[in-house]
Amino acid sequence: MAVDFDAWLQKPSAHRVLLAEIAATASDDALYFASESFNTSAAAATLANTHFDGRLVGDPTFTRELGGVFFGGRRTTSGFSPLEVTNQDGGLNPNLREDWDGRQITLKLGDASWDYDDFETIMTGVCGSIEARADGVILIPVRDLSRDLDLPLPAERYTTGDSNGELVPIALGDLANVEPRLISAANLDYEVENSAVTISEVYDNGVALSGSPNGWTDLGNGRFRLTSNPAGRVTVDCTGIKDTQSPPVQISTIGQILKYLLTEYPLVDGAPILSASDIVQSELDDLDTYAPYTVGLYLRNETRLPAVLDALLASAGGYWYMGRDGKFHVGVVDPLGVTPSVIHRLSDIEMSGDFESRIAGRKHDVTRLGYRVNWTVQDGDALAGSVGESRKEQLAKEHIVLESGTRTADGYVPEAINTLITDAADAATELSHWRTRLSSQQWFYTTEAFAEPQDWELGDTIQISSEAGVAGAIGPINDHLGGKLIDSFGEPILSSNRLLLAGVREHLLTGRVTLTMWGN
Amino acid sequence: MPQTFKIAWGNHCFDVASTDVTLSDLTAVSSSLGASNVIDSRVKKLLRATTSTIPQIRIDFGSAKTSQVFAVIGHNVSGQSPAATVRFMLGTTAGASDVYDSTALSVFEVPYSGFPKHYYHVASASYSARYLTVEFGNAPATLEVGALWASEAWSAAMQPSYRVQTVDMTESDRSRGGQVYAQVRRKYRRYDIRVNQLDFTSTFTDTLNAQRLLLEAGTGEPVLLLPKTDTEANIHRLGVYGYISGGGEIQHRESDNYELALSVSEAL
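First to last, the protein sequences are chains A and B. For reference, each letter of the first sequence is one residue, going 3 to 522 in the working numbering. For reference, each letter of the second sequence is one residue, going 803 to 1070 in the working numbering.
Hints are computed from structural coordinates only; laboratory data are not their basis. The model shown is predicted, which means the values in this text are computed figures rather than measured ones. The reader is advised that the hints may include incorrect statements.
Unchecked claim - Chain A residues, not near chain B, derived (Cβ > 10 Å throughout): (1) GLU38; (2) HIS53; (3) GLY81; (4) GLU100.
What the hints assert, rightly or not - Below, a sample of chain A positions facing chain B; criterion: calculated Cβ distance under 10 Å: (5) SER15; (6) GLY505; (7) HIS509; (8) THR512.
Ideal placement from N, C-alpha and C gives every residue a C-beta, glycine not left out.
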């Protein structure tokens, strides 16, 4: 009998059982643990007739926190509390010497009365290094799969030529003034990228070579040849590669670049790090709909993939994380006021006095946004004399900066938010989003509530409302506060306020949820 | 009035190796739910096996062991008509019944739902043999057995006083708004037992047995507690398989009069 998992999660009295499956390795068998002993049936479609040892103890929680530029600049994180596995009988002593670090672990949640097939996977991750405590409890750290993404980029190096051993650059989107690799000094051959790109101009010390005596020839496949020795630094304006689809599509948006780097670029041993089924295409599509910007990304020196993902998402006020389902997810911090697709209504807040608030950064009087990355910053004095003053000024800066708002004598002028956006109109649109988010004071609110676990996604919208849904009033639990929900500064939180879910800790076996919300 | 209280510990079945357990007319459905699970004390770590003509589980103790109390812990056979039967045999060779044969005993169906089912049998005397055979009649197509039990038992000269309570470890909390947060856990029974006037007759046997119980079983080894063994109904309604969870003290009340107090919590 198929079960209604969502309906079950809403029952405070549900008899919740957590299952943990730790995958086998070449030398070690799979391990199966549960919060209470559990046997799969003979009829289970997968993993039939298997015993899950009732060794899981403690209060397992799953925590996610939104990162990105709005939230302290840190990375979006998700993680299970370390699984506590009792070993007081010594039954797991032989397993303590096994390799745990990096083993895949799958966590499932369901009712004690259900068969295995009805349990829902709530997280796919990897184990960390275990710790055997003196009290007979083994701690198994559980990490999401984001660690798998922490890889160097670019991944390929030249094996011949004058750039032998150097990294092969990756050119994506609309790029200005990138510095190619010299692959043959004898022939004056350069390479922007080792696949087809459209080179629109080549510069020598800032001077465009097209039509000049020192011209250049496009050799195809990302290469070009100078007709004579350059006087200084050689740089290029170009449009990066197309994807590997049929027919190939020009990669230019954030969603397209994310998809290429994760599912097409040969990042590990000549193969992509993720498959197409490991990403949520609809989320990438939504991202490109919300922020349909042309961006540019040139990777010439070694960096790490997560840093690249952060930079791309920051260009749309977005964030990424590896979800409980083992998939790569993206989202954007929608400017408040846009109609959200999901609104959660807190049915019951445990302790109104625990509705804590703290300032989420300083309000912007002006907001500044950088766009059109100059990938090779060049000192104006070292440029050729024929380079005009305005171009010299442009080449000396990493970004063009737009500003919105009114500066005041004692107002706060923050650092520019640097993006990979290349078009001025796109930059103006994105700047307007940031103004909406940051021109008023934003807060973090934290509270604990009863709400079914597994129902929360970072970025969801939360609206505080009364039990009857009447705007301006708060539920009956706050009657002792005069019908108002107040934060810890004593200010009322209006039911009309929409808050964005910036962090959530789910207590999987009790239905208790700790929420951190961002908004004003 | 005969004293029918019995408590058993030192299960011989838990002392053997997995190679000492063999199945006859039973085929384990998986290695995870294999034959060796019947010598594991965990109730829900099952042997799950398909049955044919005369299903038997045989255990070789390695040498002759003395037993009076037998049990099938965590079974799935039915006591409803036709009642399944369980037959305990002790022999000098594998599968033999030359030392003791309980004959086929109809399984008593306890009317508690949601709890593991156990079948207990108390022989009229103790018997010593190397081979135990447990045979099932009217068995389901797929038999489940959590563990087997064969051991001696201690029956105090005095009938103990006891209380039994149901322990619900479900943790619940309530918000100011009335919402309940609950971590539901299984309920189990706990017996608080007090046996007084031990060795009032100066034989000291009971006090020594009480000491053996506390030293040999302690809180880490399972016990079978059968408060009343006068009828099949009382054996199965009141009997529990569990662990000593509290008390565990022997008090000297007066000359030749000792009192044992302990708690036994049901294992699930």
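Evaluated hints:
1. GLU38: Violated, because the least Cβ-Cβ distance between A/GLU38 and chain B comes to about 7 Å, which does not exceed 10 Å.
2. HIS53: Incorrect as stated: the minimum Cβ-Cβ distance to chain B is 5 Å, not above 10 Å.
3. GLY81: holds (21 Å)
4. GLU100: holds (17 Å)
5. SER15: Holds. Min distance 6 Å.
6. GLY505: With Cβ-Cβ at 20 Å, over 10 Å, it is violated.
7. HIS509: holds (8 Å)
8. THR512: holds (5 Å)
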